[in-house]
Amino acid sequence: MEIFSQIYESLQYVFVQRAIIAGCFMALGCSFLGIFLVLRRFSLIGDGLAHVSFATVAIALLLQAQPMIVSIPLVAVASLIILSLNEKAKVYGDAAIGLVSSFGIALGVIIASTAGGFNVDLFSYLFGNILSVSSSEVWLTVFISLLVVLVTILFYHDLFAITFDEDYAHVSGIKVKTVNKILILLTSLIVVLGIKIVGTMLVSSLIILPAVSALQIVRSFKSAIALAGIFAVASVIIGIFISYLLNYPSGATIVMVNFIFFIGSFISGSLKK
Amino acid sequence: MPVEIIQIKNLSVKYGEIEALSDVSFDIISGDYVGIVGPNGSGKSTLIKSILGLIPFEGKIIFQGETLSDFILKNNIGYLPQKMSFIDQRFPATAMEIVVSGLYCRKKFPKRVTKNDYKTAGEIMETLGISGLADRSIGKLSGGQQQRILLARALIHSPRLLILDEPTVALDPQSRDTFASIIKKLNSEHGVTILLVSHDSGSMGKYASKLLYLDRKVVFYGTFDNFCRSDEMTKYFGADQHIICHRH
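Residue numbers (numbering that gives the first Met the number 0), protein chains in the order written: chain A, 0 to 272; chain B, 0 to 247.
Be a bit skeptical, because a hint or two may be false.
[As the list claims (entries may be wrong)] Calculated lysine-lysine pairs in the DSS-like style (CA-CA distance at most 27 Å, straight line):
hint, chain 1, residue 1, chain 2, residue 2
1, B, LYS234, B, LYS48
2, A, LYS176, B, LYS216
3, B, LYS106, A, LYS176
4, B, LYS48, A, LYS221
[To be verified] Ranges of calculated distance between the beta carbons of each label pair, as one might list FRET restraints:
hint, chain 1, residue 1, chain 2, residue 2, range
5, A, LEU244, B, ARG89, 32 to 42 Å
6, A, GLN63, B, TYR117, 49 to 59 Å
7, B, SER157, A, ILE266, 52 to 62 Å
8, A, LEU146, B, SER11, 43 to 53 Å
9, A, PHE142, B, SER157, 40 to 50 Å
10, B, GLN88, A, LYS180, 28 to 38 Å
11, B, LYS139, A, LEU146, 29 to 39 Å
12, B, LYS107, A, TYR247, 42 to 52 Å
13, B, SER157, A, ILE104, 25 to 35 Å
14, B, GLN173, A, ILE104, 36 to 46 Å
15, A, PRO72, B, LYS13, 48 to 58 Å
[Said to hold, decoys possible] So these bits of chain B aren't anywhere near chain A, every CB distance computed over 10 Å:
hint, residue
16, SER11
17, ILE17
18, ASP31
19, LYS59
20, SER68
21, ASP87
22, PRO91
23, PHE108
24, ASP214
25, GLY237
26, HIS241
Just so you know, the hints here were simulated from the structure itself, not pulled from any lab data.
Quantities reported herein were computed from a predicted structural model and do not represent experimental measurements.
Backbone N, C-alpha and C fix where the C-beta goes; we use that ideal spot for every residue, glycine too.
Required output: the full structure, derived from the provided sequences and hints.
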């Protein structure tokens, strides 16, 4: 019972309230996109874009600007570059991600070492800290996450068709390239939000893990999205409480809870077969 | 009077330096059942992909005086792709969800699926004898069942042109015959124009009304009778002409 009173007590703190609100909204956005990205073998795109955001945070700190505001447009551009490398220049999808991601890390490290003085700030973005989210960051996270969820719902059938069979989607008159751009731009937005919450090293896990866990169990597409959403939100809430109670790093704890959900789903999925 | 549903003019496709199709020109008349045959690498699938606008090409393809996108918007094309191998075993969709997706071409943004759409899907699945599969996961079905689900998806919006790329590869001989008679019926009773690619040139004559023999260019295009009586084709194919004409 002491645990519950400690949890109740933690909820009185504004920083915990902010963490839960921002974390839940972002988790929902991540899981919605995650199903499409995982099934299209694009799941590492989150990882690549997170590495790019390492460079954009370095640029923001150099310019003494708000890292999220600077990162959003720059990471969005990087996401379109990955897509066009993949489509036009005939670079393999995973190689295109590797290319852009290593460029991002290298640029970040060079900026940090030449400018100097903000290494500590920059490296705090490697693992994020959801418990230090500011109120403006909460608003930005809620706004962008709702945007991601809304656009996903509006384009649900187009995204579903493309995910299952891109050629047939084209023959159905769906503008495949445009929908692909929308998907990847939404991913870039959610990744930038994630760097504050779980950090550049772990943000892709918020996209991949809930989706992969849900895919172990469900049969229909809508239930896959719903279950991924439930896993994502639950792991953020449980992760924040564990992190508060045991003084564990929040981002890593959230990812660990997600991983436990995956193990559970994997076992349950295997038993069903 | 015969109406051309597709006019293909000087179609050429290159993959890098390799020419997959060279200066291909022919018309498909509405109501035709055209069998497209040719050896491996003869450009059969490339031709289908060009018609469907899936790859870049040189030349012109006109659909009753319209562009491909206008023609698609009028629910005119049904397409059954070559292999079922693209279906991921773990893909989280029921057969019903896949069949209903065939109606997306009718929908404007934001697309919404109605109860009526599910009813239409139920009807087409019943016609094809696959009602029992509606709630099954698409990845867990057999090759033949998946094939019929994808055929239901291709037919649900009652297209006027049905394009099938090697549809019977994954099927056993019995399902192959059932499948072929469904397609034949669509053509003869509902007037659907059929464009069917097959590597099995021997059985094509049983169903198709016209033959298009491709080998990077058009070797022959016309009725089976003309093909079988053509001295030029006898010279080209030798004894193999009989394999294609064995229905006679």
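Hints broken by the structure, by number, lowest first? 1, 2, 4, 7, 13, 14, 15, 20, 21, 22, 23
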